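Spelled out from the first residue to the last, the chains are:
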Amino acid sequence: MQTFDLAAEGLRALNATLHALKDKTNETVWEVVNPRGAHAIAAGVDAPVEITVRGSTGYYCAGMNKQATIRIRGSAGPGVAENMMSGTVIVDGDASQYAGATGRGGLLVIKGNASSRCGISMKGIDIVVHGNIGHMSAFMAQSGNLVVLGDAGDALGDSLYEARIFVRGRVKSLGADCIEKEVRPEHLALLADLLRRGEADGKARPEEFRRYGSARKLYNFSIDNAGAY
Amino acid sequence: MSDFPHTPPRFSWTFSPEVNAEIRRAAASGIYDIRGGGSKRRLPHFDDLLFLGASISRYPLEGYREKCATDVWLGTRFAKTPIHLDIPITIAGMSFGSLSGPAKEALGRGASAAGTSTTTGDGGMTEEERGHSKTLVYQYLPSRYGMNPDDLRRADAIEVVVGQGAKPGGGGMLLGQKISDRVAEMRNLPKGIDQRSACRHPDWTGPDDLEIKILELREITDWEKPIYVKIGGARPYYDTALAVKAGADVVVLDGMQGGTAATQDVFIEHVGMPTLACLPQAVKALQDLGMHRKVQLIISGGIRSGADVAKALALGADAVSIGTAALIALGDNDPALEEEYRKLGTTAGAYDDWHEGRDPAGITTQDPALYSRFDPVLGGRRLKNYLKVMTLEAQTIARACGKSHLHNLEPEDLCALTIEAAAMAGVPLAGTDWIPGRAGF
Chain A
3 MQTFDLAAEG LRALNATLHA LKDKTNETVW EVVNPRGAHA IAAGVDAPVE
53 ITVRGSTGYY CAGMNKQATI RIRGSAGPGV AENMMSGTVI VDGDASQYAG
103 ATGRGGLLVI KGNASSRCGI SMKGIDIVVH GNIGHMSAFM AQSGNLVVLG
153 DAGDALGDSL YEARIFVRGR VKSLGADCIE KEVRPEHLAL LADLLRRGEA
203 DGKARPEEFR RYGSARKLYN FSIDNAGAY
Chain B
67 MSDFPHTPPR FSWTFSPEVN AEIRRAAASG IYDIRGGGSK RRLPHFDDLL
117 FLGASISRYP LEGYREKCAT DVWLGTRFAK TPIHLDIPIT IAGMSFGSLS
167 GPAKEALGRG ASAAGTSTTT GDGGMTEEER GHSKTLVYQY LPSRYGMNPD
217 DLRRADAIEV VVGQGAKPGG GGMLLGQKIS DRVAEMRNLP KGIDQRSACR
267 HPDWTGPDDL EIKILELREI TDWEKPIYVK IGGARPYYDT ALAVKAGADV
317 VVLDGMQGGT AATQDVFIEH VGMPTLACLP QAVKALQDLG MHRKVQLIIS
367 GGIRSGADVA KALALGADAV SIGTAALIAL GDNDPALEEE YRKLGTTAGA
417 YDDWHEGRDP AGITTQDPAL YSRFDPVLGG RRLKNYLKVM TLEAQTIARA
467 CGKSHLHNLE PEDLCALTIE AAAMAGVPLA GTDWIPGRAG F
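Residue numbers (the numbering used here), protein chains in the order written: chain A, 3 to 231; chain B, 67 to 507.
Don't read these hints as lab results, they were simulated from the structure.
Among these hints, one or two may not hold up.
Said to hold, decoys possible - Here are the simulated lysine-lysine pairs, BS3-like style, with alpha carbons at most 27 Å apart:
| hint | chain 1 | residue 1 | chain 2 | residue 2 |
| --- | --- | --- | --- | --- |
| 1 | B | LYS133 | B | LYS454 |
| 2 | B | LYS257 | A | LYS183 |
| 3 | B | LYS200 | B | LYS454 |
| 4 | A | LYS219 | A | LYS205 |
| 5 | B | LYS350 | A | LYS219 |
| 6 | B | LYS257 | B | LYS311 |
| 7 | B | LYS146 | A | LYS24 |
| 8 | A | LYS68 | B | LYS454 |
| 9 | B | LYS409 | B | LYS133 |
| 10 | B | LYS311 | B | LYS133 |
Nothing here was measured: the structure is a model prediction, and the numbers come from that model.
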């Protein structure tokens, strides 16, 4: 395992080192110590490596990640795994606002709670939150799956497109054009897979979730819908 | 009937025929007017400024012999690989989606041949544009349509878009008519639905966050790419200062004459400030911070000629950007297509329903039957010619003012035709030494 002391060597050196890793590297396991809430830790990695950050991170940890598995042994600041393309990011603690924003692929797992705007504008990413999520989560979410074992805050899925939302607990309110939908067998299978991959299969069963999605009434502008905005 | 002369019919200035027509249109349709382009008002503009030219107190340069350089560096503050352009006229961000693929290709061809850059726009980077643009600026927008780290790394610069002049504070909407399979795939959305572009970024708010966002983008691209911040002309002094504070290499400032693919007419005409009013404020912010020329300033919104270029640079811009003018150079609103414009209920020169995707010139459309009419090679050649002419015009003026580089032009070379322009530009009213608002008068 390669150990990188962020406090001693600095952010630029860390990311330059990680960016230099290619598909065929033998340096496949890394740990970052002393993160001390720094921003943009392991942003832009594009290699099938495992990175463990031992502590809490600032903004945009694992931003635009491709291929890597990045585990944060602490809590994550705003925008963790924003615009992730592929790979896996696991936050052992809580995540601040915009977790997984605009993510296009891969899996983001938050073992604690996520703040507001979790999964905002998501475009294909899967997000599994073991705890609760804050208001305006999945705002304008386009595709992908957001699974919440706890409760959801106000205006869940506002102006939603084709993303799917599964919530086990209470939803404080739904946003514009977001409605509850039937849970069909294919959704149970999807949930079972996401719970397993999201390290939550011992915590919840697929049958406990409700599904939310777009009513698709705001897809094409109509003056008669102006009151919904 | 009396034999006295009648009072002739008199239209109201307040309730003009155009105003009344819009009231009737609104009453019939129940929806505001949406259109493309920028403000159509008569606004104070670069037309209201004149160059003084050389005289006894300063001498000119020989027009056909003495050198007048036109190159510009962009991104010298932090980027490892700043951009060097042959001319200070860049092509503004216009999306694939709002424009056809062949139109984007033509922009790349023309700009590259003239030694300048193009900019992607919302909707991601197309192969047509990357392949034909020697220098390509990749916009980082609130929607993040098509955003990915590979394209960030193959861009030559990154432009974080905060706002645009046609609609400062507004997002965008690409109507379903223009959402073809390809556009839909690039934006991760179903075909045929309206695609909203958010007005705020999803993962940062305010200048302190922006600073961290720029840090992330620099880290992802290993500090190689210049990072521009584009702002709409609303509070240019403070927005420029905050962009500098956040770490921008380049500030792009777009006045209200700057175009858009589609927005409410009321937004275009009633929000934002004229380009002429914005520019000196941004320059002052840079000067107050000691960053003028260190953080470069690109101004856009109604740039049409070499005279506009020269005036913008004289007021302190490092470069300009053109959008609407580039489309016209490609063939947009060409009178040769008048018959087809009339079928659309408009006339050449006034066509602005770009959002409907029925452009007979094949530029603002995703309809294969229409965009296949457009020849990207010819379009590119026309754009190159136009950029060359603008450059020659700007050089002509600069030499007449005795300048060996376009960047040597200065406010002292200018006077204003109107009090408004004098106040906005901070140059004297012609024939006087009066600058409204300056102390001592």
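Each hint, compared with the structure:
1. B/LYS133 to B/LYS454: The hint holds at about 16 Å.
2. B/LYS257 to A/LYS183: Given pair B/LYS257, A/LYS183 holds - Cα atoms ~22 Å apart, limit 27 Å.
3. B/LYS200 to B/LYS454: At roughly 17 Å apart (the allowed maximum being 27 Å), B/LYS454 and B/LYS200 satisfy the hint.
4. A/LYS219 to A/LYS205: Not OK: A/LYS219 and A/LYS205 at ~35 Å, beyond 27 Å, violated.
5. B/LYS350 to A/LYS219: Measuring from Cα to Cα gives roughly 48 Å; hence the hint is violated.
6. B/LYS257 to B/LYS311: violated (41 Å)
7. B/LYS146 to A/LYS24: holds (22 Å)
8. A/LYS68 to B/LYS454: Roughly 42 Å between the alpha carbons, so the hint for A/LYS68 and B/LYS454 is violated.
9. B/LYS409 to B/LYS133: violated (50 Å)
10. B/LYS311 to B/LYS133: violated (36 Å)
Going down the numbered hints, you'll see the structure goes against 4, 5, 6, 8, 9, 10, while the others check out.
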